[in-house]
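As they're listed, the protein sequences go chains A, B and C.
Per this note's numbering, residue 1 is the first one in the first sequence, and the count goes up by one each step.
Per this note's numbering, residue 1 is the first one in the second sequence, and the count goes up by one each step.
Per this note's numbering, residue 1 is the first one in the third sequence, and the count goes up by one each step.
Quick caveat, the hints were computed from the structure, so don't treat them as lab data.
None of the values given here were measured: they were computed from a predicted structure.
Any given hint could be a false lead.
[As the list claims (entries may be wrong)] Derived pair list, reagent style DSSO-like, types lysine-lysine, alpha-carbon separation capped at 30 Å: (1) C:Lys74 x C:Lys92; (2) C:Lys92 x A:Lys74; (3) B:Lys51 x B:Lys2; (4) A:Lys74 x C:Lys100; (5) C:Lys100 x B:Lys2; (6) C:Lys74 x B:Lys163; (7) B:Lys113 x B:Lys2; (8) B:Lys163 x C:Lys73; (9) C:Lys92 x C:Lys73; (10) C:Lys92 x A:Lys34; (11) B:Lys2 x C:Lys92; (12) B:Lys113 x B:Lys51; (13) B:Lys163 x C:Lys92; (14) A:Lys34 x C:Lys100; (15) A:Lys69 x C:Lys100.
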Amino acid sequence: MVGTSDLQELQLVCPGAAVLHESNLEYVYLPRLKLPAGCSPPEADGLLCLQGRDGYLTRLFLSAEVRGKGNNWKAHQILSRTWYVCSWNNVSSDLRPAQILAEHLRAFR
Amino acid sequence: MKAHFRITSDLLGHILSDLRRPHPFAGERVGFLTCRAGILVRNEFVLLGQKWHTIADEDYIRDFSVGAMIGAAAFRKILQYGYTNPVSVFHVHLHEHDGIPRFSQTDQRETAKFVPDFWNVRHGLPHGALVLSNTSVSGKCWYSAATQPIPISEFRIVGAPIKWVRHE
Amino acid sequence: MNERFQRQSFLGPNSDEILEHCRVGVIGMGGGGSHIVQQLGHIGIGQLVVVDNDRVEESNLNRLVGATATDAKKGRLKVDVARRVIKGINPKARIKTIPKLWQTSGEDLRVCDVIIGCLDTFSARAELEAMARRFLIPYIDIGMDVHTVETRFVISGQVILSIPGHPCLRCVGFLNDYLLAQEAQRYGAAGARPQVVWPNGVLASLAVGILMQLLTPWHGEHRTIEYLEFDGNQNIVVRSNRLAHLQTDRCPHFEDGDNLGDPFFGVACEKNALLCDA
């Protein structure tokens with residue numbers, strides 16, 4: 001469960017962050033998430049899953065692929081939209097939510 | 001602009017059962033159906049029946065000039081729900097006959113009075129009204145506070161089997 | 001009644017009209033999907049949305065209904081083969097072909113009355129079912145597998161009906177987190193899975209039969225959940241005993257209101273400009 005403090009922490013990074021549900025999973029919607037410098041696009045909507053999904057401890061889905069960064073991009077249909085995710089594992093769900101997000105964004109540095 | 005409506009047969013059956021219950025003094029019952037929505041194609045959207053909100057017996061007002069009159073408490077409850085949940089709100093009542101139901105002049109007048117209140121608490125989502133019969137359904141939808149309501153062009157009742165009601 | 005459909009008049013007095021107005025989405029134009037669209041053409045489904053990003057290859061010709069050696073040589077899109085097959089049977093059918101991953105074409109599927117999934121992976125099935133539930137669309141899932149048990153080969157398959165409000169693929173135990181995690185770990189190591197034409201034919205026919213019970217009133221016994229298991233070694237189809245273990249006819253996995261509709265509808269008005277006051 002994404003707690004109030006978890007959401008507030010992510011809202012400091014991404015104003016407008018909100019929790020959404022699909023099936024038995026929770027996602028934190030991160031509108032217009034700023035990606036690391038040099039990324040194309042420079043920002044994208046994000047969907048952060050703080051719990052295990054598809055064998056990954058946590059996952060960060062984006063509304064667009066980051067060109068030239070990340071490997072094995074796959075498309076998913078979640079919450080009635082298309083989202084893209086690359087292979088980037090072992091970001092533990094034990095970290096603070098903002099740390100989890102930061103660790104996932106390292107894939108695009 | 002075209003509006004479509006989908007509801008599970010179980011939810012519709014639950015609504016009909018509730019509306020058919022006798023009331024201590026009102027001639028008929030009414031209620032609210034909250035819905036989610038989505039775009040289908042350009043200029044067409046779909047409303048998806050989500051939850052039925054029964055109106056408590058004590059929230060009806062004695063007014064024998066109409067079939068049913070509900071008081072401020074009933075509206076307060078549904079407006080509160082609409083404020084805290086991103087839903088469209090539809091007023092629903094039943095005409096106990098077979099065939100296509102139609103909104104009476106009273107229905108249309110009363111609906112136009114309270115739908116704007118739904119816009120105040122939940123701007124940006126369509127709201128409206130449905131009228132059921134024993135075998136069919138009709139509806140109107142306001143998708144903007146600035147426009148006249150549009151008829152709901154197709155109802156799909158999702159169950160086994162699937163049923164459609166189309167108003168061309 | 002159209003002379004073409006006289007032999008199926010038992011489906012009900014308005015059945016040809018029902019079928020003509022119906023729109024069915026078929027996701028995956030491989031061995032299973034290609035069988036299904038051929039049958040939908042015969043039966044008179046008036047509108048189809050067919051989705052597959054793949055092209056015909058030589059190795060598909062052992063099972064891809066309607067595909068020819070020339071199609072394989074030219075690398076024809078599988079959805080184009082499907083269109084040719086359907087139109088050859090029913091020239092009046094309106095067909096939307098989507099030669100893309102279905103995950104990038106979700107909006108095109110929202111208009112469907114029923115979606116039939118002929119997909120390869122559990123994760124894709126989970127997402128397709130969730131999308132179908134969001135828009136209150138009944139979903140029929142089919143799949144087959146050839147696997148090795150000790151030294152022998154076993155052919156198996158399933159057809160599952162998932163109706164919004166009623167048990168889903170998770171409820172009946174077909175999907176669970178363990179299977180999804182196992183599948184994710186095998187990603188990239190799967191290789192070409194064995195596939196043959198006749199089990200696909202059995203499963204496709206069962207799926208179309210279930211579809212017809214959803215659409216037309218001929219049957220009288222309407223099931224809100226179906227899970228049929230095909231044993232391709234014994235050549236039998238049985239109702240899964242997993243259904244006997246269902247505690248309830250309701251589904252707890254999609255009850256939350258968030259699982260319905262587009263959660264971004266009306267939230268960001270610039271995305272739904274047609275519904276916002278100027």
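Verification of the supplied hints:
no.: 1; hint: C:Lys74 x C:Lys92; verdict: holds, 27 Å
no.: 2; hint: C:Lys92 x A:Lys74; verdict: violated, 36 Å
no.: 3; hint: B:Lys51 x B:Lys2; verdict: holds, 23 Å
no.: 4; hint: A:Lys74 x C:Lys100; verdict: holds, 13 Å
no.: 5; hint: C:Lys100 x B:Lys2; verdict: holds, 27 Å
no.: 6; hint: C:Lys74 x B:Lys163; verdict: violated, 43 Å
no.: 7; hint: B:Lys113 x B:Lys2; verdict: holds, 23 Å
no.: 8; hint: B:Lys163 x C:Lys73; verdict: violated, 44 Å
no.: 9; hint: C:Lys92 x C:Lys73; verdict: holds, 29 Å
no.: 10; hint: C:Lys92 x A:Lys34; verdict: violated, 49 Å
no.: 11; hint: B:Lys2 x C:Lys92; verdict: holds, 25 Å
no.: 12; hint: B:Lys113 x B:Lys51; verdict: holds, 23 Å
no.: 13; hint: B:Lys163 x C:Lys92; verdict: holds, 23 Å
no.: 14; hint: A:Lys34 x C:Lys100; verdict: holds, 28 Å
no.: 15; hint: A:Lys69 x C:Lys100; verdict: holds, 23 Å
In this structure, the earlier hints numbered 2, 6, 8, 10 are contradicted, and the remaining ones agree with it.
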